[in-house]
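Q: Make the full structure from the sequences, and use the hints.
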Amino acid sequence: MNKLVATVEEAVLDIHDGATLIVGGFGLCGIPEHLIAALKARGSQELTVVSNNCGVDDWGLGLLLANRQIKKMISSYVGENKTFEKQFLSGELEVELVPQGTLAERIRAGGAGIPGFYTATGVGTLVAEGKEHQTFEGRTYVLERGITGDFALVKAWKADTYGNLVFRRTSRNFNPLAATAGRVTIVEAEEIVQPGELSPDDIHLPGIYVHRVVQGGVYAKRIERRTVTSREGTR
Amino acid sequence: MSEERSKIVTRAVQEITDGMYVNLGIGLPTLVANAIPQDLTVMLQSENGLLGIGPYPLEGEEDADLINAGKETVTAVSGAAFFDSAESFAMIRGGHIDLAILGGMEVAENGDLANWMIPGKMVKGMGGAMDLVSGAKRIVVIMEHVNKQGESKVKKACTLPLTGKAVVNRLITDLAVFDFTAGGMELVELQPGATIEEVREKTEAAFVWHADPSDRPGGGSL
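Chain order of the listed sequences is A and B.
Using my numbering, the first residue of the first sequence is number 1, and each one after it goes up by one.
Using my numbering, the first residue of the second sequence is number 1, and each one after it goes up by one.
If you are wondering where the hints come from, they were derived from the structure by calculation, not from laboratory data.
Please note that the accuracy of each hint is not assured.
As the list claims (entries may be wrong) - List of simulated lysine-lysine pairs, PhoX-like, C-alpha gap at most 25 Å:
hint, chain 1, residue 1, chain 2, residue 2
1, B, Lys137, A, Lys82
2, A, Lys82, B, Lys121
3, A, Lys221, B, Lys124
Unchecked claim - Output of the computed footprint for chain A on chain B, the stretches with three or more beta carbons under 8 Å from beta carbons of chain A:
hint, segment
4, 47-59
5, 120-127
6, 154-163
7, 202-213
What you are looking at is a predicted structure, and each value in this text was computed from that prediction instead of being measured.
Note that beta-carbon positions come from the ideal geometry of N, C-alpha and C, so glycine has one too.
A: Written as structure tokens, this is what we have:
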């Protein structure tokens, strides 16, 4: 039951070439920054990465992109990255764009053992082309497939050694969903505590979904768009 | 803010009433938040997992773990809630969001919306826009009436790839407000300073307009 791993390098050691990864985070918020860095050092190639975004040029998944480790991205929005644009336009990188809610539900469904579901999102647009349609009570829906991955890379705020997780503020985003959908789920946390120290009422993701827990080290937590209210009270 | 955009925002905020759960899109719609009257209690939803967006944080109090869907640092209001992305879109897809105010590139007379992709240019993705237009109870699109070349963005049919088909309930531009109903597209208000002649000249779409509001099929009031 003890899932603690000593180092991030050890945590990603078996991520093989051609693996499919489901990676938590929204923009640069709640990304598993140390696991990504370790995976860059590990050098696994031809990866398929399911993640809402693809980082920025020099941070987050952008690091793996710049290192040419990613073959295909499945994302909802990828606008913040010049390397991405270059590799996409040259045909080096394959991209599947998925509406954000459909992406979230596909991962949730995958983790919950549901192979497909119907949604009205995207009906009548490019994303529904070639997919099965069905009418329920007069409204048209499109069939979308659940997603699972060989590995999930997740960032939590606190974890216990059994893999129970607590997330902080909006860094939760895709992380608990990703955790359910990995055949091997690897979690980095800011703080690791002993079982029993987290109240069962407060746990966002039960440890049953988690296979490895590692303390990430010091977090950079880069901010993508720093917006503030000045002390004088105007924006 | 330009005079056109300011007119749009001023009119758009009137769509928001006390007690509503509202999602504001990125760009111009985000500016609507600042115009919400203090005496209304409104919960703004951010699809990355926050119900109850507050103002930007004070300098020095930014938190990398607390951002909005535009990836800007924000705060959370008293009574806010955090949740994961599946829960967020359960709210949206399940019809629990009262109102979504979104930007637009083109709106067609049948209520089609295009706002995510220009063929031949880098495609960045639709983010949560397709989910919002098919899920929220009411969709209000706000955009400038014409593009930088002076061409109408209010079309007979969208030329750009769609975000959603027949999804727009109301369109607010710097010239007018239009509603989309079974009876087609109807001009229901002129913006201050606009004339019906100017709107006709700058609108490619066909729309109905009742000079005397009492002639409207639903009666006089809007």
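Q: Decide, hint by hint, whether the structure agrees.
A: These are the hints, each one checked on the structure:
1. B:Lys137 to A:Lys82: Given pair lysine 137 of chain B, lysine 82 of chain A is violated - Cα atoms ~36 Å apart, limit 25 Å.
2. A:Lys82 to B:Lys121: Status holds; Cα separation ~13 Å.
3. A:Lys221 to B:Lys124: Holds, because 24 Å separates the two Cα atoms, which is no more than 25 Å.
4. 47-59: holds (count 9)
5. 120-127: holds (count 6)
6. 154-163: holds (count 3)
7. 202-213: violated (count 0)
In summary, the numbered hints that this structure violates are 1 and 7.
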